[in-house]
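*Asks:* Sequence:
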Amino acid sequence: MRSFIVELIFRDKKFWPLFWTQFLGALNDNFFKNALVILITYRAVQLGPLDAKLLVPLAGGIFIFPFFIFSATSGQMADKFQKAELIRKIKLAEIIIMSIASVSFTLDNYALLLFVLFLMGSQSAFFGPLKYGIIPSLVKPEKLVSANAFVSGGTFIAILIGTIIGGLVPSLESYVVPLSLGLLGFGLVGYLFSRFIDDVAISKEGVNTKVDYTFLKPTWDIIRLTQKNKTIFTTVLGISWFWFLGAAVLSLLPLFVKEVLQGDSKVATYFLATFTIGMGLGSFLTARISKKSVEVGLVPICALGMTVFLSILAFVGQQRMGLQVPNELFGISEFFFKPYSKGAFIGLLGMSVFGGGYIVTNMAFLQTVSKEGELSQTIAGNNIWNALFMVVAAVLIMVLTKTIGISLSFLVLGLINLVVAFLLYFTYSEQTLMLWMRFLSKVFYRVEVKGGEDFPKEGPVIILANHVSFVDWVILMGAVERPIHFVIDYSYYYMPTGPFWFRQAGLVPIATRKESEEVLTKAFELIYQDLDNGSVMGLFPEGWITRDGKMRRFQPGAAKILKQRPVPVVLAALDGLWGSLFSFEGGKVLFKMPSLRRRKITLTLSSPIAPEDYDSKEAQAWVESNVSHYDVKPLNVLAKDGHNN
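The letter at position 538 of the sequence shown is residue 538 when you use the working numbering, and the numbering goes up by one with no holes.
I should point out that these hints are in silico values taken from the structure, not numbers from a laboratory.
Hints may be right or wrong, so weigh each one.
[Claimed, not checked] Think about it this way: if two alpha-carbon atoms lie no more than 30 angstroms apart in a straight line, the pair counts; the simulated BS3-like pairs of lysine-lysine are:
1) Lys230 - Lys204
2) Lys592 - Lys442
3) Lys342 - Lys258
4) Lys457 - Lys140
5) Lys457 - Lys442
6) Lys13 - Lys89
7) Lys600 - Lys450
8) Lys342 - Lys402
9) Lys560 - Lys617
10) Lys617 - Lys522
11) Lys550 - Lys600
12) Lys442 - Lys266
13) Lys204 - Lys140
14) Lys210 - Lys140
15) Lys592 - Lys550
16) Lys230 - Lys522
17) Lys457 - Lys14
18) Lys89 - Lys14
19) Lys217 - Lys204
20) Lys371 - Lys13
21) Lys457 - Lys204
[To be verified] Label pairs and their calculated CB-CB ranges:
22) Gly586 - Pro556: 26 to 36 angstroms
23) Lys230 - Lys402: 22 to 32 angstroms
24) Asn229 - Leu92: 32 to 42 angstroms
25) Pro178 - Val449: 54 to 64 angstroms
For glycine and all other residues, C-beta sits at the position ideal for the given N, C-alpha and C.
All chains should be modelled from the sequences, with the hints used to inform the complete structure.
*Replies:* Set out below in structure tokens:
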């Protein structure tokens with residue numbers, strides 16, 4: 001992993017200039033923003049009727065408002081013109097903006113500093129579609145998730161550095177000179193790195209894009225563009241919800257530290273740093289988990305994790321309100337001796353780790369489902385929705401802090417996020433279950449997969465496997481890269497709450513003709529429907545789990561399906577599950593002594609078999625020959641499948 005990181009961000013000539021350009025841009029943004037927020041919060045700055053409690057969330061709203069105005073036009077420009085050249089021009093603009101910021105700090109003019117914040121938001125609005133739009137052109141598809149993880153993780157590390165120095169510099173007696181030099185220096189170095197970004201090809205669709213500089217009309221057009229495809233729109237809303245939540249948490253955090261936890265400005269900086277560290281960790285862990293593919297099933301899991309840790313923050317805040325503490329602000333050394341400090345740290349870190357996984361997965365998924373010629377415009381549309389959600393977040397936090405207080409605001413956010421997590425689960429239930437099954441199979445078993453390299457990447461497939469235990473489907477779902485819709489005995493399917501959860505996994509209940517003619521007929525209708533939709537159907541053709549370790553004759557159901565829907569068939573031989581806790585070995589399931597060592601499981605997959613070549617006897621013989629406990633000598637059957645034993 002270490003060598004991979006070095007390769008991608010230091011040696012990859014196409015990727016590293018973009019990485020360090022955005023890294024320094026994010027560092028500079030947050031250096032300025034956090035310095036401004038710390039000064040407003042701890043100097044009790046007031047502009048007219050607005051005090052620090054209102055100015056902090058207002059500052060967040062001012063920064064993201066330009067995304068709503070300029071994102072559409074910036075997306076059109078990014079698709080039509082050379083992205084690398086546009087990036088260089090935007091980095092030049094950053095140097096000019098930071099020069100204005102330096103003058104504003106010298107004059108101690110906070111109204112002008114808020115205007116600079118608007119300019120920074122405008123610059124970021126133009127940079128965002130370029131940054132994410134150029135990544136697929138700079139890296140290979142199998143590196144897309146990793147590249148997004150490094151951009152996001154690098155951004156959060158940059159945010160961490162910017163947050164720390166942005167919190168420390170204002171505490172200096174003469175902060176204006178080092179602050180100004182830092183802002184201009186980071187901007188200049190970022191521009192120098194941008195000079196090394198390679199030009200990339202402009203798609204035919206992109207060349208034909210018309211750039212509308214009226215800003216308002218293209219904003220509406222791009223919002224409609226994001227709504228054309230249901231998958232894209234769902235992903236955009238999921239990303240926007242994250243930025244709603246992130247903006248709300250970051251707005252609450254300085255006030256939470258000062259007024260609830262009674263920490264000084266250095267403690268506030270420490271907590272902001274913890275947030276960014278967690279986001280970076282979450283990004284890199286996601287790259288580790290996803291490897292070469294986008295694991296969209298992570299999204300609802302990460303959303304649920306964020307809710308859990310937001311609730312911890314709310315609980316710690318409420319507990320702290322019940323303690324009698326002197327009315328003074330604590331430094332870092334004093335703060336960590338307080339009984340509530342560690343709980344607050346764990347809550348924030350956990351929330352941000354899951355947040356990093358959530359946003360990286362969503363952004364990579366958006367890049368894979370968007371059309372090449374509309375990618376930057378789609379990202380721009382996503383930024384508009386993000387901006388809208390973040391403005392609403394700023395308003396909501398202003399209302400919540402005035403009505404229910406800071407701690408309970410975290411609880412309200414967590415409860416809303418819980419609803420979002422369930423909605424996301426219903427959207428990505430198959431992918432989430434597949435990821436969860438892969439995790440369980442790797443934790444409790446040592447699974448070796450043989451074959452499967454040519455398993456169809458798309459289109460309808462039937463996978464036929466021997467039935468040895470109650471966890472056969474777990475092993476199969478964990479090993480195959482596509483969701484599998486299993487056919488399941490109706491008596492298990494209709495257990496209490498079973499239909500609700502099994503429906504999310506795409507399971508199909510089936511019965512014998514003797515048990516229920518209606519269920520049997522409906523089962524085949526659902527199987528045909530799923531195959532027509534391009535699904536992978538999982539069948540256990542023996543009809544039941546073996547009670548004696550021997551294999552039953554394959555039932556004619558698969559052949560019947562193939563007559564109506566001639567699709568490829570893949571055979572799966574599960575070896576090593578007989579004798580496990582979930583098999584009937586010894587006549588009992590569960591009620592036997594479990595092994596403390598992970599059981600070795602071998603799953604052998606055949607190459608796809610054409611429907612006209614499928615023969616149930618040959619298929620049964622092939623499976624038997626690949627399972628050791630059947631005690632059958634290897635047979636030279638299905639020679640055309642390429643995986644003989």
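*Asks:* Run every hint past the structure and note whether it holds.
*Replies:* Results for each hint:
no.	hint	result
1	Lys230 - Lys204	holds (24 angstroms)
2	Lys592 - Lys442	holds (22 angstroms)
3	Lys342 - Lys258	holds (16 angstroms)
4	Lys457 - Lys140	holds (18 angstroms)
5	Lys457 - Lys442	holds (22 angstroms)
6	Lys13 - Lys89	holds (21 angstroms)
7	Lys600 - Lys450	holds (13 angstroms)
8	Lys342 - Lys402	holds (27 angstroms)
9	Lys560 - Lys617	holds (14 angstroms)
10	Lys617 - Lys522	holds (27 angstroms)
11	Lys550 - Lys600	holds (19 angstroms)
12	Lys442 - Lys266	violated (43 angstroms)
13	Lys204 - Lys140	holds (20 angstroms)
14	Lys210 - Lys140	holds (29 angstroms)
15	Lys592 - Lys550	holds (20 angstroms)
16	Lys230 - Lys522	holds (28 angstroms)
17	Lys457 - Lys14	holds (29 angstroms)
18	Lys89 - Lys14	holds (19 angstroms)
19	Lys217 - Lys204	holds (23 angstroms)
20	Lys371 - Lys13	holds (26 angstroms)
21	Lys457 - Lys204	holds (27 angstroms)
22	Gly586 - Pro556: 26 to 36 angstroms	holds (31 angstroms)
23	Lys230 - Lys402: 22 to 32 angstroms	violated (38 angstroms)
24	Asn229 - Leu92: 32 to 42 angstroms	holds (35 angstroms)
25	Pro178 - Val449: 54 to 64 angstroms	holds (57 angstroms)
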